[in-house]
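Read off the chains here:
2 protein chains.
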Amino acid sequence: MYRSHNCGELNASHINTEVTLAGWVQKSRDKGFMSWVDLRDRYGITQLIFDSERTDKTVFEKARTLGREFVIQVKGKVIERESKNPNMATGDIEILVSELNILNEALLPPFTIEDETDGGEELRMKYRYIDIRRNPVKNSLLFRHKVSMGVRNYLSEKGFCEIETPYLIKSTPEGARDFVVPSRMNPGQFYALPQSPQTFKQLLMVGGMDKYFQIVKCFRDEDLRADRQPEFTQIDCEMAFVEQEDILNVFEGLTRHLLKEIKGIDVAEFPRMTYDHAMKTYGNDKPDIRFGMEFGELNSVAQNKDFSVFNSAELVVGIAAPNCGEMTRKEIDALIEWVKRPQIGASGMVYVKCNTDGTFKSSVDKFYDQDDLQKWAEATGAKAGDMIFILSGNANKTRTQLSALRMELATRLGLRNPEVFAPLWVVDFPLLEFDEESGRYHAMHHPFTSPKPEDMHLLETDPGKVRANAYDMVLNGNEIGGGSIRIHDKETQALMFKYLGFTEEEARYQFGFLMDAFQFGAPPHGGLAFGLDRLVAILGGQETIRDFIAFPKNNSGRDVMIDAPSNINPAQLDELQIKLNVK
Amino acid sequence: MYRSHNCGELNASHINTEVTLAGWVQKSRDKGFMSWVDLRDRYGITQLIFDSERTDKTVFEKARTLGREFVIQVKGKVIERESKNPNMATGDIEILVSELNILNEALLPPFTIEDETDGGEELRMKYRYIDIRRNPVKNSLLFRHKVSMGVRNYLSEKGFCEIETPYLIKSTPEGARDFVVPSRMNPGQFYALPQSPQTFKQLLMVGGMDKYFQIVKCFRDEDLRADRQPEFTQIDCEMAFVEQEDILNVFEGLTRHLLKEIKGIDVAEFPRMTYDHAMKTYGNDKPDIRFGMEFGELNSVAQNKDFSVFNSAELVVGIAAPNCGEMTRKEIDALIEWVKRPQIGASGMVYVKCNTDGTFKSSVDKFYDQDDLQKWAEATGAKAGDMIFILSGNANKTRTQLSALRMELATRLGLRNPEVFAPLWVVDFPLLEFDEESGRYHAMHHPFTSPKPEDMHLLETDPGKVRANAYDMVLNGNEIGGGSIRIHDKETQALMFKYLGFTEEEARYQFGFLMDAFQFGAPPHGGLAFGLDRLVAILGGQETIRDFIAFPKNNSGRDVMIDAPSNINPAQLDELQIKLNVK
Chain A
585 MYRSHNCGEL NASHINTEVT LAGWVQKSRD KGFMSWVDLR DRYGITQLIF
635 DSERTDKTVF EKARTLGREF VIQVKGKVIE RESKNPNMAT GDIEILVSEL
685 NILNEALLPP FTIEDETDGG EELRMKYRYI DIRRNPVKNS LLFRHKVSMG
735 VRNYLSEKGF CEIETPYLIK STPEGARDFV VPSRMNPGQF YALPQSPQTF
785 KQLLMVGGMD KYFQIVKCFR DEDLRADRQP EFTQIDCEMA FVEQEDILNV
835 FEGLTRHLLK EIKGIDVAEF PRMTYDHAMK TYGNDKPDIR FGMEFGELNS
885 VAQNKDFSVF NSAELVVGIA APNCGEMTRK EIDALIEWVK RPQIGASGMV
935 YVKCNTDGTF KSSVDKFYDQ DDLQKWAEAT GAKAGDMIFI LSGNANKTRT
985 QLSALRMELA TRLGLRNPEV FAPLWVVDFP LLEFDEESGR YHAMHHPFTS
1035 PKPEDMHLLE TDPGKVRANA YDMVLNGNEI GGGSIRIHDK ETQALMFKYL
1085 GFTEEEARYQ FGFLMDAFQF GAPPHGGLAF GLDRLVAILG GQETIRDFIA
1135 FPKNNSGRDV MIDAPSNINP AQLDELQIKL NVK
Chain B
585 MYRSHNCGEL NASHINTEVT LAGWVQKSRD KGFMSWVDLR DRYGITQLIF
635 DSERTDKTVF EKARTLGREF VIQVKGKVIE RESKNPNMAT GDIEILVSEL
685 NILNEALLPP FTIEDETDGG EELRMKYRYI DIRRNPVKNS LLFRHKVSMG
735 VRNYLSEKGF CEIETPYLIK STPEGARDFV VPSRMNPGQF YALPQSPQTF
785 KQLLMVGGMD KYFQIVKCFR DEDLRADRQP EFTQIDCEMA FVEQEDILNV
835 FEGLTRHLLK EIKGIDVAEF PRMTYDHAMK TYGNDKPDIR FGMEFGELNS
885 VAQNKDFSVF NSAELVVGIA APNCGEMTRK EIDALIEWVK RPQIGASGMV
935 YVKCNTDGTF KSSVDKFYDQ DDLQKWAEAT GAKAGDMIFI LSGNANKTRT
985 QLSALRMELA TRLGLRNPEV FAPLWVVDFP LLEFDEESGR YHAMHHPFTS
1035 PKPEDMHLLE TDPGKVRANA YDMVLNGNEI GGGSIRIHDK ETQALMFKYL
1085 GFTEEEARYQ FGFLMDAFQF GAPPHGGLAF GLDRLVAILG GQETIRDFIA
1135 FPKNNSGRDV MIDAPSNINP AQLDELQIKL NVK
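Residue numbers (the working numbering), protein chains in the order written: chain A, 585 to 1167; chain B, 585 to 1167.
Hints should not be assumed to be uniformly reliable.
Note that the list lumps identical chains together, so a pair holds whenever it fits in one copy or between two copies.
With a straight-line Cα cutoff of 30 Å, these simulated DSS-like cross-link-like pairs (lysine-lysine) come out [said to hold, decoys possible]:
1) Lys1036 - Lys1049
2) Lys1074 - Lys659
3) Lys1049 - Lys981
4) Lys844 - Lys730
5) Lys844 - Lys742
6) Lys847 - Lys730
7) Lys1074 - Lys722
8) Lys1074 - Lys611
9) Lys864 - Lys1049
10) Lys661 - Lys742
11) Lys1036 - Lys646
12) Lys659 - Lys742
To be clear, the hints were calculated from the coordinates, so they are not data collected in a lab.
Bear in mind that the values here come from a model prediction, so they are computed numbers and not experimental data.
I would like the entire structure built from these sequences, with the hints used as guidance.
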């Protein structure tokens, strides 16, 4: 037995107890006649004391040789501490050490094991096993476990069955790029790693397992953006004999349960917002509704004056930035430059100061009088002391630009409080979206998403207008989950494949087994998937997912700690009957 | 809302309730003026009744068009059943249907959806989504979920944290063959899929996460034997600041908890048996101890007579088959042929009948008298009415052969009752095993397993005798888990690599990151892994794992349902910068 207690649990009630502790040397202080060591483990820190009078001489001298991160075991008596530390759980006591055993020495760590470390991102990744000793990372992993268990227990109690679906599956050219795995036993052939268990969960519905879930790794070989990982974890769910409403209720219930159990937060019933409304009001299908700043469309009150920029625009739209009326000219110019950056792409921005005396001062006073500006203030909900920012141009692009500005301003104004949680459902997504590159429509969600029956007649005439039984759960400006009611009859599915430009043969090759399955009695079904990495990060009040993943990869998809991917043995290639073809 | 109740919950207390059910047509009977349909879902079967007098004519006629496995929704009233079926949960009632809605038609299923189906293995695999509708498969998947949740909740309560380790890792030529994944972003380089998270869990210990577990998929590209899968699931565990005893206690606790919670069975403290004892007594390092038939070594009582076969043998060893004294000559001959089959490989077998009158009749009466045979009976624990079977030859081979015979006889004698659970620990495994092919010692477990300190001095002189701090949990003749205390100091690790024939460079290339990590303060640690597929099957009283896996692969590693692996698009190969090289 290496320890009788851990380093986080001893307090005044243990005084005079003989204990054995083990852990890492966080730091030591040596005053000649006395020395102290902070001993750390997963559970906390306990102070050890070595005293030239009370400690055996050999032990006392050995203690002075301890370096940072040495692994040690000590025996000793819990005693009351002279200078108590009320900020530490163990701050009332210390251990007067009688035996000291060095279990392992340690090189000096490449960065400090402190909440605020001096280690940069790459260094921390390379020595991730040391980084995990730091509270922020350690606590993120413990938190993730808590969320995962919360999800599993909640869904299990609701009758869901977690079913493991295979990782070695079949490559389908639709969607994102697959990671593939050459098969040695079937030379020339490849498995693919799942981008999601989508078809398997639908097959489980055909199989009658009417409430399925799985916390499962998924894989996408995409060029990585910041905060994207080639492997990520999904809470994958599917239900049979349900309508959209049933699914929204179950997973709203799950999310409220997590917020309550883990964060102690009660949230009201989730608002439901159509995709169209979200786009018009927030310029975004994952609106952050922790704050207002809703879009005010100004076409009717800003066009048909002499300002040609607005007159020629498809959309003129503004937002009111609360209490920003005192912005200096310099600050405003900087903000105009910000929206004109290529990442945002606005060609300019109009502003209106709403003075506290009820008057307005705008950058377009030449074209608009106080009455006009008054109407703008009404449309954007601006109050005295606010500032209105207005963009114009192509409707979609302008909305996206204004959404970016809205989020930026909210961040600067401190309106995105990570401890406030504002979830909602965005519903009625379009079924199809037009892809400029291929010149045809693609499934916005995936080819199994069911169209709304009442919109079916538009498939021929105005496919972009067809709405789907598809929904996203949005939390604080992040899509944390999304799903749909699936097509469950083969006629509608065949129609969908046709509209998506699949030949019958292609559809057969890629989805034959699913289409076959649907002939044997598919129930109505639907589901959704949550991104666990993101969900955990947001619940944890963080913006980035990396600290919630034990061993993340960098932006080139490399694990810099183990140095993967790597070259493999020529004999391995030979066995797999493949050759490198590096250009 | 598709249903108000499921098909397994209605009983006499619901009589006169209006309900809505949905499910699959299990079967229908039509008597002209009346017809019945058994409606099935995940939860059970409910009988529907359509009656020419009480049912609307259109509904009545529609009911007669229903085929097997049609998906339907019905509304109706719960009524008392005339001929009750006490074997069904819903056997007291039936539903007088007022509305019938065909949700989906179905082709005739390729095999019957019954507990005993007429479908063969390959057909069931091809239509796995239909197979899952059958109770034996469905219940196996539900059972697996229950076991997994039991494991997770037990370990979480004990302070373990489930941590997801990466799937895209680094290929190491040691051990079994890796599945590899070409990296598009790092052309010419490959990830490997993990054979186990071994090194990651050790790094987590270095990181201070002192109680780790994970239920995780692992991958081995091996030629498949029956009941092996290229992807399988492991309950992977590791602890820091522990000795072997601590680990055995925790996971014995887990297993007892599962047996108690899931099977309602109390088992006593697990026996602990050394590897040497297991091999001598059962010829096997995973002995089935639900029954006796322990080996009796007969060298001292059977050698130095005139029977040259025994005299020249390294080992003469027998078992007593209980109550087999009445076996006919023909049965005995068949058994002798059985042990002589190439799979077993014995060159012959001696037998002794222990007559009920206390006399003996053997196949070697020419060489041995009744006193000799009496000693054999004592050594094998044979009683009057038993039969003793004796093999001889090379010690290791003979033990393996007799072990196979022991298991075969026990199966034939019905001594392997799947509802009896006899777990044990086998401990003190050898550290190394000699590999004839490469002419050198290999790690029996893996290169991180710690030798017993008291055996270290034998490493130079008699490496095969060095015991490891390694242990297996054995249940009913199956190894369900195994692990070891790891090496945690770099000196011992370097020594091990040396004895395993690694050059420093090779060790560095393959395990450099682990050796680096160990320099930064590795705590003493150890762990184990359970095979979940096997554990669940055994707890479920089954011999084969396949029905406990939702979508298993066949013996060529193929998923015959989705037809994977498959050819991939030449453009995909091109992007990955690899070429086929099929011979």
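Going through the hints against the structure:
1. Lys1036 - Lys1049: The answer is within: 11 Å in one copy meets 30 Å, while 72 Å across copies does not.
2. Lys1074 - Lys659: between (71 Å within a copy, 25 Å between copies)
3. Lys1049 - Lys981: Intra 18 Å, inter 75 Å, cutoff 30 Å: intra-copy only.
4. Lys844 - Lys730: Both. Shortest intra-copy (13 Å) and inter-copy (25 Å) distances satisfy the 30 Å Cα cut-off.
5. Lys844 - Lys742: both (17 Å within a copy, 23 Å between copies)
6. Lys847 - Lys730: Classified as both: same-chain Cα gap 11 Å, cross-chain 27 Å, threshold 30 Å.
7. Lys1074 - Lys722: between (49 Å within a copy, 25 Å between copies)
8. Lys1074 - Lys611: Between copies only: 23 Å across, 68 Å inside.
9. Lys864 - Lys1049: within (15 Å within a copy, 77 Å between copies)
10. Lys661 - Lys742: between (49 Å within a copy, 26 Å between copies)
11. Lys1036 - Lys646: between (75 Å within a copy, 27 Å between copies)
12. Lys659 - Lys742: Cα proximity of Lys659 and Lys742: across copies only (24 Å, versus 48 Å in one copy).
Of the numbered hints given earlier, the model fails none.
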